Amino acid sequence: MTHPFLALTESDREEMLGTIGVGSVEDLFRDLPEAVRLGRELELEPALSEQEVFAHVAALAGRNADASTELSFLGAGMYDHYVPAVVDTILQRGELLTAYTPYQPEMSQGVLQAIFEYQTAVCELTGMDVSNASGYDGTSVAADACYVAKHATGRDKVVVTEATNPQVRQVVKTFAAGFGLEVVEVPHRNGVTDPDELEQVAADAAAVIFQQPNFFGCLEPAPDICAAAAEAGALPVAHVDLLSLGVLEAPGRYGAALAIGEGQAAGNFPSFGGPHYGFLAARQEFIRRMPGRIVGETVDTAGERGYVLTLQTREQHIRREKATSNITTNQTLLALGGLVYLTWLGPQGLRELGETCLSLAAYAKKRLEERAGLGPAFAEQTTFKEFAVRVGRNAREVVAAAREQGVHPGYALGRDYEGMDDVLLVAVTERRTPEEIDRLVDVLAEVGG
Amino acid sequence: MKLIFEKSQAGRRASALPRYEHLPGPSELPEDLRRAEPPRLPEVPEFELVRHFTELSTRNFGVDTGFYPLGSCTMKYNPRINERLAALPGFARLHPLQEEDGAQGALELMWRLQEILAEVTGLDAVSLQPAAGSQGELTGLLLVRAYFAARGEGDQRRKVVIPDTAHGTNPASVTMAGYELTPVRTDARGNIDVEDLRGKVDEHTAALMLTNPSTVGLFDENIDEIQRIFHGAGALMYYDGANLNAVCGISRPGDMGFDIVHINLHKTFSQPHGGGGPGGGPIAVREILEPFLPVPAVVRREGGDFGLDYDRPQTIGKVRGFTGPFGVFVRSYAYIRMWGPRLREMSEVAVLNANYVLARLKDAYDLPFDRLCMHEFVVSARSLKKQHGCTALDVAKRLMDYGFHPPTIYFPLIVPEALMVEPTETEAKETLDAFCDAMLAIAREAADEPELLKEAPHHRPVQRLDEVRAAKQPVVRYGFEEHPQAEAEPAPTATKAPTGV
Chain A
162 MTHPFLALTE SDREEMLGTI GVGSVEDLFR DLPEAVRLGR ELELEPALSE
212 QEVFAHVAAL AGRNADASTE LSFLGAGMYD HYVPAVVDTI LQRGELLTAY
262 TPYQPEMSQG VLQAIFEYQT AVCELTGMDV SNASGYDGTS VAADACYVAK
312 HATGRDKVVV TEATNPQVRQ VVKTFAAGFG LEVVEVPHRN GVTDPDELEQ
362 VAADAAAVIF QQPNFFGCLE PAPDICAAAA EAGALPVAHV DLLSLGVLEA
412 PGRYGAALAI GEGQAAGNFP SFGGPHYGFL AARQEFIRRM PGRIVGETVD
462 TAGERGYVLT LQTREQHIRR EKATSNITTN QTLLALGGLV YLTWLGPQGL
512 RELGETCLSL AAYAKKRLEE RAGLGPAFAE QTTFKEFAVR VGRNAREVVA
562 AAREQGVHPG YALGRDYEGM DDVLLVAVTE RRTPEEIDRL VDVLAEVGG
Chain B
-6 MKLIFEKSQA GRRASALPRY EHLPGPSELP EDLRRAEPPR LPEVPEFELV
44 RHFTELSTRN FGVDTGFYPL GSCTMKYNPR INERLAALPG FARLHPLQEE
94 DGAQGALELM WRLQEILAEV TGLDAVSLQP AAGSQGELTG LLLVRAYFAA
144 RGEGDQRRKV VIPDTAHGTN PASVTMAGYE LTPVRTDARG NIDVEDLRGK
194 VDEHTAALML TNPSTVGLFD ENIDEIQRIF HGAGALMYYD GANLNAVCGI
244 SRPGDMGFDI VHINLHKTFS QPHGGGGPGG GPIAVREILE PFLPVPAVVR
294 REGGDFGLDY DRPQTIGKVR GFTGPFGVFV RSYAYIRMWG PRLREMSEVA
344 VLNANYVLAR LKDAYDLPFD RLCMHEFVVS ARSLKKQHGC TALDVAKRLM
394 DYGFHPPTIY FPLIVPEALM VEPTETEAKE TLDAFCDAML AIAREAADEP
444 ELLKEAPHHR PVQRLDEVRA AKQPVVRYGF EEHPQAEAEP APTATKAPTG
494 V
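Those protein sequence lines, which keep their order, are chains A and B.
Residues 162 to 610 (the working numbering) are what the first sequence spells out, left to right.
Residues -6 to 494 (the working numbering) are what the second sequence spells out, left to right.
One chain only, chain B, in its complex shape (with noise of 0.2 angstroms):
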């Protein structure tokens, strides 16, 4: 389809502007500050752009179109009512720097979801400042250093661990913190190595980062092991709580003994991924992380008035604009307070959906750890591969023909082939079964007509698109120079007679 560029006719425009006919006209800008060329913005009207977009997406996939099990990102329904909350004008057009009598409302809700998840995480303080998982990450180590520079130990302990199993983010996150990357293994029941681990912790050591249940969607049985190898060397503990939508209401972070945790909004607590974002990554820590947390707080003052307190000495200092970000705030809230107490069920159907579907396929595919499940698993196409030439790739783009979103592939990087099935709570087993039933259907056809599935997707607005060529030869704008009159597309034939009136 065109884009949007193409379909641009100067002088058309959406827009109509309110004009002030009686005020001075604007002081004259400086000759060199002022646009020499206008920007080619789109010039089409209001109809046309509403169509473009909307055909942009029927071209598109959502929770609001099918099953989308995509393992490590908890696509769960996410209700309408809390985009009609964050919309409301009291929250949409409130200003971030509004007194704070003014902005009391706003005030209590953040204090009120704090409360929450110290709760859910089983931890003392919580900063909602974060706008995603990964820059919950990196504040927590900023955090770690805050805490071992006011000890005196901020030269001597320079390493973090983390298992093979983790998401790319952790790596990434500790290389931005100043840190240096300690890797542990992963041993054969899917946890991690404890021998290998005992070796690599000392005084050197400022924390261990873990997912648990970790990103092959097992729960780690020697957890309380691990917390006593990494307390007892007077290290800390940092959970990455991309999974926590297992455990609600099961086994805190805190009980684990986790001193910090990152929560994913946009995943345990419904916040609808956009595409790409936003999310929100607010941290929860243990009483003795309090003081380094970012500024400001929010605190409920004696008398009960919510305020902004910047007065914390030791803070690490801001890690992105004003409180957070709000509206993700909203609809987490309203989440949390339709669950209540039950989102221990939540957390229970989570899993219970993961098992029914890995009992399910776990002969048709290679199973890497034969254990129950938490949330989700980790199969892989190794045999299909071998057998039939058919990747996990080619089973993702098969599963599109059946209406599925494809799981995650590739990764956790030490299953071979991987495909991270999630399906959340959300989901009547019919759906679970029509999903096994693709996935058994599609190992068949990988021995039978393997052509089907290499050739796969047949019925998307596109087939296989090259990845390599976009890489090697990168077009990330559109090319105006190229396209100097955008050429017409065909118009589209019709293929068959009317059949109404």
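Isolated chain A, as found in the complex (with noise of 0.2 angstroms):
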């Protein structure tokens, strides 16, 4: 019986086990001891053919509820940008979708040099010296950034702000066990953080890590948090999102040691949570401490420029137990989805698109005010596409009123802070237009307390 992505024919067997010099498929496996054989078939159900596969595949798909059949505000660190075709298009060539890490260079020029251009990308958004080839997600560079910054200072702690994305705060404590670090938050005060009790926070930290814009959407006193951080010795880490760097400033023009963030809002589809591309970059002096693929440039024997994996000595292939870091595969087909959305953009659009979502967010956040009497949470807060409301009664039960009439309003900041059961998180990207802004606007009117 053929399989469609099988091609040895029943001679072609015979012949080559022949040349093998064994009598059946079965003597290839006789080293392996009896006891640990399954000896049964396994208990998955029959092959599907690919009309059928994509029949019951499909049919999954359509009972969720996705920003094409939902009008939705959702955003808390995924966000409905519009992805072009291009980005599609591109990664869809097989040459660059099938290929392995690019370990032998002269058959991977095409990555290789995207990667380049990803890295200098990155670079010249943070204002940074150095970007690695990408991390898994905004997740776990929080992570290796903490792990950088435990072996440049040689201090045990770090400090995350609490309006640090959740999420990015659960997987640091989660890997801090392994690195023999102590986690320490500090509080926001109406929205966003106190550089002063930082500095005290921070005293005999490794680094210091805060979001900006942070994840009530609110904008940091980034250049302060930095100066507090750099005072009390630890490294200032910046969780940024690319598609704000149009419109607001580079970490490292305001003394960031480290920029990081989730790459998706920039190229990828939310797609359920991944794959996406976490992005990770650092001043010069950081660059043989980076976790991860680097590329560089160099030339060939005929003096021709090219490019390979470089600095690899960091690396855990190389380095073993002394690694920078254990990461091997990571996100390259997204960062490569990255840079072309970001081509795509280019400085204007990226500029644009930075000052459209500000002025939508703005309508939102002034028309449920005026029109719905739903005030912001932080009134005092400049926000950028996301800020935080108050709906007059519990958020959950808000959403879901307002899911019965096609409308997802937004995320419930009660499931993650206590005291803010009443708190609505609305996020607001170049995709809602502003009819569809009145839409929610009148629906929050409606099942707003």
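If you're looking for bench data, these hints aren't it; they were derived computationally from the structure.
Nothing here was measured: the structure is a model prediction, and the numbers come from that model.
Wrong hints could be hidden among the right ones.
Label-pair ranges, simulated between beta-carbon atoms [as the list claims (entries may be wrong)]:
| id | chain 1 | residue 1 | chain 2 | residue 2 | range |
| --- | --- | --- | --- | --- | --- |
| 1 | A | E558 | B | R5 | 47 to 57 angstroms |
| 2 | B | G227 | A | R444 | 44 to 54 angstroms |
| 3 | A | E204 | B | R5 | 54 to 64 angstroms |
| 4 | A | H478 | B | R44 | 28 to 38 angstroms |
| 5 | B | P82 | A | Q361 | 44 to 54 angstroms |
Which chain A residues face chain B? A few, computed with CB under 7 angstroms, are given here [unchecked claim]:
| id | residue |
| --- | --- |
| 6 | L199 |
| 7 | L205 |
| 8 | G223 |
| 9 | V272 |
| 10 | E278 |
| 11 | Q280 |
| 12 | C284 |
| 13 | V291 |
| 14 | I488 |
Cβ coordinates follow ideal geometry from the N, Cα and C atoms, glycine included.
With the hints as a guide, bring the two chains together.
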């Protein structure tokens, strides 16, 4: 019985077994002790044809309420920005899609040059000197940054602001156990971090991780936070949204030692949480402590420019237990999606996108207050594309009631923060039109308290 | 070829964005938070963008291009239907914080994949959360820590045993999990040296990390005795699933005595590797470790609905955002459903293909362990180096001239001049024969014309690249400052007259 993913005919098999010098395929497994063999068929459902698997899996997809079937203002770390067709087109090029990590540079100049361009784009956006080829996501790069800081400072504590994405904080805590790091959180004060309070807590810390804009969408006093961290001898680590960096200052310009973040908003679909890319960039002094792959420029024997994986003595396959990280597979294809997207935007597009998000979010905030009587949770703070609004009753109930009307109004902050049960986090990307925002306002006016 | 930054001209752009003219302008940003200098992103029209990245793709080699026997990486065919499925709006545009009732299809797919992976690994519970094999390893070791801490043995058990054939990720993960490394030797047959092992496993041992079949492509014949040694000492067994493609439906890690397994979805289960990632590194564990798995757990509730369970008081926490790389799960799930119980055939053919290539090559290259192999094997270019000065690197570069991606080289570390070949079940016999013919021809060339190898490759977009220079003087981003105005490349000149109309 043939299978679409197999090629050997019966006569091929016979000939190959003859060359090997065994009588049957079964003989090839003679080194396996009887005790560890399965001895039965796997209990899996029978094989499906392509058409059948399409019908089955498409039916599963059809049971989800996604942003094409529900008007969504959900953000909280994943955003419904438009992904242009050129991203799909390039990522589906088989030569890029089906290649492994570029260990053999002469076979892989396409991917290597693309990563070099990606590193350049990330450095430009963040104002940093060196970027790796990507990390897993916006949470794992925060843990990576802690590992860099631990070895760079010799200290064994990290500080994370409470206004940093809860998932980032949770992942940092998980890995800190293995790294031998204590994790301390600094509370937010009215939606942002107090630099003076931070400086006290940051004494003896290896790093201070903060998010800009923070999880509530508010702009942190980032230069003051970096100065406070540096004053305490800790590395300031800024967790940023790439798409904000057309209008917001680059972390490298306000004193951050490392800039990290979740790349999804820039060129990847939300895809129920992944795969996406995390980015990690740093000042020059940390280049030999960086985790993960880095591509460097070099020349070939004819003197022509080319690209290779470089600084590999940092990495697990050479340094083993002394490596700067265990990362091997990263998120190259998604980072390539980010590069294609950022190229599509260009500097003007990036700025316009930021301004559009600012305008739409400001419009939503204003209309919610004027028409629905729902005021912002942190009225004094400046926000970017996302903001926290008080909805007058339990926000999870508001979400459920609004979804009955086909609108997902946002994320209930009470899921992560005490005392915020009546607060909803609303994200407005350029994909939401003013008319759609009006619809949100109408629905919240009705179902809010 | 030029970088995209060198093709940039101020004022060009590929994007047109919606503008909402009647909106109030954005509120003023505080001066010290506003961007002062615009980032120098490329400025190109859309067609220039497409041509640039298309040209890059032509300078790259994937499984879609040709044979890619990169050992330990399982470079098999990646079915296109999987791409279509992952791109369905019901998946691609689904927000990970959607309420459970709006994500039933996605949760069901994950739950079903968990059930499948439990059956394939012979273990009880699965977490899909880890982003890749290495993260699966680290997650697994954190489970080991949590397990022993709960038993009051956390301070006592500080050591993790790793054979000298292990992937570099294993020792790196051991350090990152806060453990100490205990290395163990490989014996003359390519198995773990059980005598060496016995003296090293005691009440201070937390776990063994083992790849089986190992990175030399051999199934450890003493696996049953090894698991008895570890479990007898109260330690746990961790299985690095990088080589699972050898044993699906034949022998399961759980049946071999392993307690924790990570599965590389981008190897065995066909997630395209994308030039470096994404991957997926789910872990499967024995029941005793289930309480410590990452949150949230994907569960089927009474009544048949699917949900996310955060109520796991003993959990190690979260290792990645949300519930893992969902798009990878869609592809691997569809892939496995197209095999069903026939996964066994997949592994059988992978092992048959590897043994066939080995049989054809073993007289021309050195064979460190003369046994039947599993899904991959390691030969050595040691004699070629000694007799003709041609190294494994030279053989690899020369293979490119024959149109093949080279095998993994210089790994595992215990075999000098190693060439690690993994054909996978993909590939017709004709392809395997063409590869063998090329390897045999290269061995002859090493004797007759060694320069052909040393100067290879001859037909790639670049010649051999200077990796030492790249590391000594790292240039890791485009130097805008050194290229104030990128010089135009010479226009390509026609080499022959037009032949059409």
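Hint-by-hint comparison with the structure:
1. Checked against the given bound of 47 to 57 angstroms, the beta carbons of E558 (chain A) and R5 (chain B), roughly 50 angstroms apart, stay inside it.
2. At about 46 angstroms, the beta-carbon gap between G227 (chain B) and R444 (chain A) stays in the expected band of 44 to 54 angstroms.
3. A hinted range of 54 to 64 angstroms holds for the C-beta pair E204 (chain A) and R5 (chain B), which are about 58 angstroms apart.
4. Restraint check, H478 (chain A) to R44 (chain B): a C-beta distance of roughly 35 angstroms satisfies the suggested window 28 to 38 angstroms.
5. Between P82 (chain B) and Q361 (chain A) the Cβ separation comes to about 49 angstroms, which falls inside the hinted range of 44 to 54 angstroms.
6. For L199 (chain A), the interface hint holds, since its Cβ comes within 7 angstroms of a Cβ in chain B; the closest pair sits about 6 angstroms apart.
7. Restraint check, L205 (chain A) versus chain B: the minimum CB separation of about 5 angstroms is within 7 angstroms; hint holds.
8. Given the 7 angstroms rule on beta carbons, the hint for G223 (chain A) holds: about 6 angstroms separates it from the nearest Cβ of chain B.
9. For V272 (chain A), the shortest C-beta to C-beta distance to chain B is roughly 4 angstroms, which falls under 7 angstroms, so the interface hint holds.
10. Taking 7 angstroms as the C-beta cut-off, the interface hint given for E278 (chain A) holds, the closest approach to chain B being about 5 angstroms.
11. Here the hint on Q280 (chain A) is kept, as its CB sits about 5 angstroms from the closest CB of chain B, short of 7 angstroms.
12. Residue-level restraint check for C284 (chain A) holds (minimum Cβ-Cβ distance to chain B is 5 angstroms; threshold 7 angstroms).
13. Hint status for V291 (chain A): holds, given a least beta-carbon distance of 5 angstroms to chain B, under 7 angstroms.
14. The restraint placing I488 (chain A) at the interface with chain B holds, with a minimum CB-CB distance near 6 angstroms, inside the 7 angstroms limit.
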